[in-house]
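J.: Residues per chain, in single letters:
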Amino acid sequence: MVKDFEKKNLLFLALICALGVLPLGIGVSTIRILTSVFMYIVLAQSWNIIGGYTGYVSFGNALFFGLGAYTTGILMLRLHTPFVLGLLASSAVAFGAAFLIGIPVLRLKGHYLAVATFGVAEALREVFNNLRKLSGGGEGLSFPLPAGDIRQVSYLFYYIMFILAILTMMMAYYVTRSSAGYAMVAIREDEDAANVMGIHTTKYKTLAFCLSALFTGVAGGAYGYWVTFIEPNNVFSINISVMMVIMVLLGGIGTLWGPVIGAFLLEILSDLLISRILEYHEAVLGFIIILVVLAAPRGVMEIVKDRKKFSLSYFLENIRKYQA
Amino acid sequence: MVFIQILLDGLLLGGVYAVIALGFSLVWGIMNIINISHGAFVMLGAYATYWITTRSGIDPFVALPITMAVMFMAGALVQRYIINYVVRAPASMTVTLTFGIQLLIVNLALGAWTANFRSITVPYAGARFFLGPFLFPYTRFFIFLIAFLLTAVMHLFITRTKTGAAIRATRMDLESAKLNGVNIRRIYIITFAVGAALAGAAGGMIAITYPISPMMGFSYLAISFIISVLGGLGSMAGPLIGGLIFGLIEALSSFLIGTGYKDIVAFTLLVVILLIRPSGILGREYY
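For the record, the sequence lines run as chains U and Z. Numbering (my numbering) for the first sequence: 45 to 368. Numbering (my numbering) for the second sequence: 7 to 293.
In case anyone wonders, no lab produced these hints; they're calculated from the structure. Worth double-checking, as some hints may not be accurate.
Computed spacing ranges between beta-carbons, pair by pair [what the hints assert, rightly or not]:
no., chain 1, residue 1, chain 2, residue 2, range
1, U, Tyr199, Z, Leu17, 45 to 51 Å
2, Z, Val159, U, Gly182, 49 to 55 Å
3, U, Phe359, Z, Thr165, 40 to 46 Å
4, U, Ser355, Z, Leu180, 27 to 33 Å
5, Z, Thr120, U, Asp236, 49 to 55 Å
6, Z, Thr120, U, Lys51, 54 to 60 Å
7, U, Gly181, Z, Leu281, 26 to 32 Å
8, U, His124, Z, Thr265, 33 to 39 Å
9, Z, Leu137, U, Arg176, 38 to 44 Å
10, Z, Thr265, U, Val229, 18 to 24 Å
11, Z, Leu151, U, Leu189, 57 to 63 Å
Derived pair list, reagent style DSS-like, types lysine-lysine, alpha-carbon separation capped at 27 Å [as the list claims (entries may be wrong)]:
no., chain 1, residue 1, chain 2, residue 2
12, U, Lys177, Z, Lys268
13, Z, Lys184, U, Lys365
14, U, Lys365, U, Lys349
15, U, Lys352, U, Lys365
16, U, Lys153, U, Lys247
Some chain Z residues judged to face chain U by a derived CB distance under 7 Å, without partners named [said to hold, decoys possible]:
no., residue
17, Arg94
18, Leu103
19, Leu280
Backbone N, C-alpha and C define an ideal beta-carbon position, used for all residues, glycine too.
Next up, chain U with everything else stripped away, as it sits in the complex:
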């Protein structure tokens, strides 16, 4: 058991080292793809904390991404603050917004929660579309250009997203192994029972929502500086909220490595699609989403954990479970 644990840790360290030196040997376009994989690992893992471990399925987490992007953007452009300060502010704004939104909204469950979180994200999108003086409104906001040549800039964002991904993974790892993490899982399994057992459910589900917002906001700020131009319809898009959900579903909901696998597979796949068939890539993406939900409702992680489940009978049992 101890040996197994050490082996896992070594493997993890080796992976981090390999990914740390990898960009030195690959092309700029591959670096870009990996950067967005890391970004989606941050988003998916963050969503996993509220949607996977706590069982509160939010369809509006893009709002933290958007708030983060605009916080960094407005600070850098209007107040000329350094980028790092913008990121710190983004994390604070996202965390605070999750606190303020979470306390009332997390009283809802299931479908009503899904609609409410979607509603909050859409309302904020419209607010930023209208705040012309502050956010540039629907015309969008241009960030100052980062210094350096293309390769240096791509290194910069590769390492930023890479570090964010590691931080998010560490947060998920430590939170889910803490008493707060057990409280979150208890809320998912049976909120009333958790309440009776003395768990302060409002506190822990709000905490889960705030933690899921934290790095999503930072990733939003980094994304804005990376792509140098943001607009409300883009960063508050429901597509981003749904991507978080579908990546977690594909990888395995409520697992530590599920979001990583999901983000990696889906981002690589959609990148291949965009470069091959630009016009119909959304249709193919829609098709893949349908396939993922129908054929792999428990995600890839389940098969990784237990190879015996890689069988036709288990697959059929799985897809028959929810049908009428």
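We have chain U already, so just place chain Z on it with the hints.
T.: Leaving out everything else, chain Z in the frame of chain U:
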């Protein structure tokens, strides 16, 4: 005077909104599925009416029943061969699945019909009548009447027919309904197909009064959310009341605050209702 005319216009538009939300609220209430592809079905209905009208030259109002029949079939196929497999899965799966269906439909429609706006022109498009000092275009007034008609027909279908009783029974208690010989799969197919047919009718109504494009559906999806929540699930009167009130609110907020802010008002309304009264105005547990 202008103010009352604006309210009347809002009310007429509210009739269309009611029909948009009618099918969405039915599927949500009976099957417990939030159908993200509902807006895409509205769009398909609009294009069905557009193509029937422009190709065959028949009146768009006559094309409405044909559109509904086509969309009924489409809805039945989508339910039977896609949604049925996860119909009782948690929200994370059904919402994501219907989002995928929406992406697929809209992107294919965009490829087939381009992003250009199209509109149906009828010879009586400009015809109107006056009621006192207030102006009513005939097309919008007819559409308003059809909205009431569809709501009434749906109410009778759900409350007075045997299939309607089976649909309600499925909603109340799935296992008991099964034991009493209700074919759940068939009931779900019918419910979803009726929802799609109503989306088609709403799309046709929109095509008669507004220009249409493949991207039009998403805003109608948002409207479906708001009206279903506002009116409340569990009855056919809910979407009608919700639609009319929302039509008024939208007209008022555009007039008083400005059109740019009407979506902020709408989504804020959605969230506030969910927080203070998630069951809506007429919401109840069962149909």
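J.: CB of histidine 124 of chain U to CB of threonine 265 of chain Z, is that within 33 to 39 Å?
T.: This hint holds: roughly 35 Å between Cβ atoms.
J.: Using the C-beta atoms of glycine 181 of chain U and leucine 281 of chain Z, is the stated range 26 to 32 Å upheld?
T.: 28 Å, holds
J.: Note whether the CB distance of tyrosine 199 of chain U and leucine 17 of chain Z lies within 45 to 51 Å or breaks it.
T.: 60 Å, violated
J.: A closest beta-carbon separation below 7 Å is what the hint needs, so does leucine 280 of chain Z meet it against chain U?
T.: Since chain U brings a Cβ to about 4 Å from leucine 280 of chain Z, closer than 7 Å, the hint holds.
J.: Against the range 49 to 55 Å, how does the distance between the Cβ atoms of threonine 120 of chain Z and aspartate 236 of chain U compare: consistent or not?
T.: Holds, since threonine 120 of chain Z and aspartate 236 of chain U (Cβ atoms, about 53 Å apart) stay within the stated range.
J.: Lying within 18 to 24 Å: is that true of the beta-carbon distance threonine 265 of chain Z to valine 229 of chain U?
T.: 46 Å, violated
J.: CA of lysine 153 of chain U to CA of lysine 247 of chain U, is that 27 Å or under?
T.: Since the Cα atoms of lysine 153 of chain U and lysine 247 of chain U sit roughly 16 Å apart, the hinted pair holds (cutoff 27 Å).
J.: Does leucine 103 of chain Z pass the interface hint, meaning its C-beta sits closer than 7 Å to a C-beta of chain U?
T.: 4 Å, holds
J.: When you take the CB atoms of leucine 151 of chain Z and leucine 189 of chain U, is the distance between them in 57 to 63 Å?
T.: 58 Å, holds
J.: Is the straight-line distance between the alpha-carbon of lysine 352 of chain U and that of lysine 365 of chain U 27 Å or less?
T.: 18 Å, holds
J.: Does the Cβ distance between threonine 120 of chain Z and lysine 51 of chain U fall inside 54 to 60 Å?
T.: 56 Å, holds
J.: Are the Cα positions of lysine 365 of chain U and lysine 349 of chain U separated by 27 Å at most?
T.: 20 Å, holds
Going through the hint list in order, the structure does not satisfy hints 1, 2 and 10.
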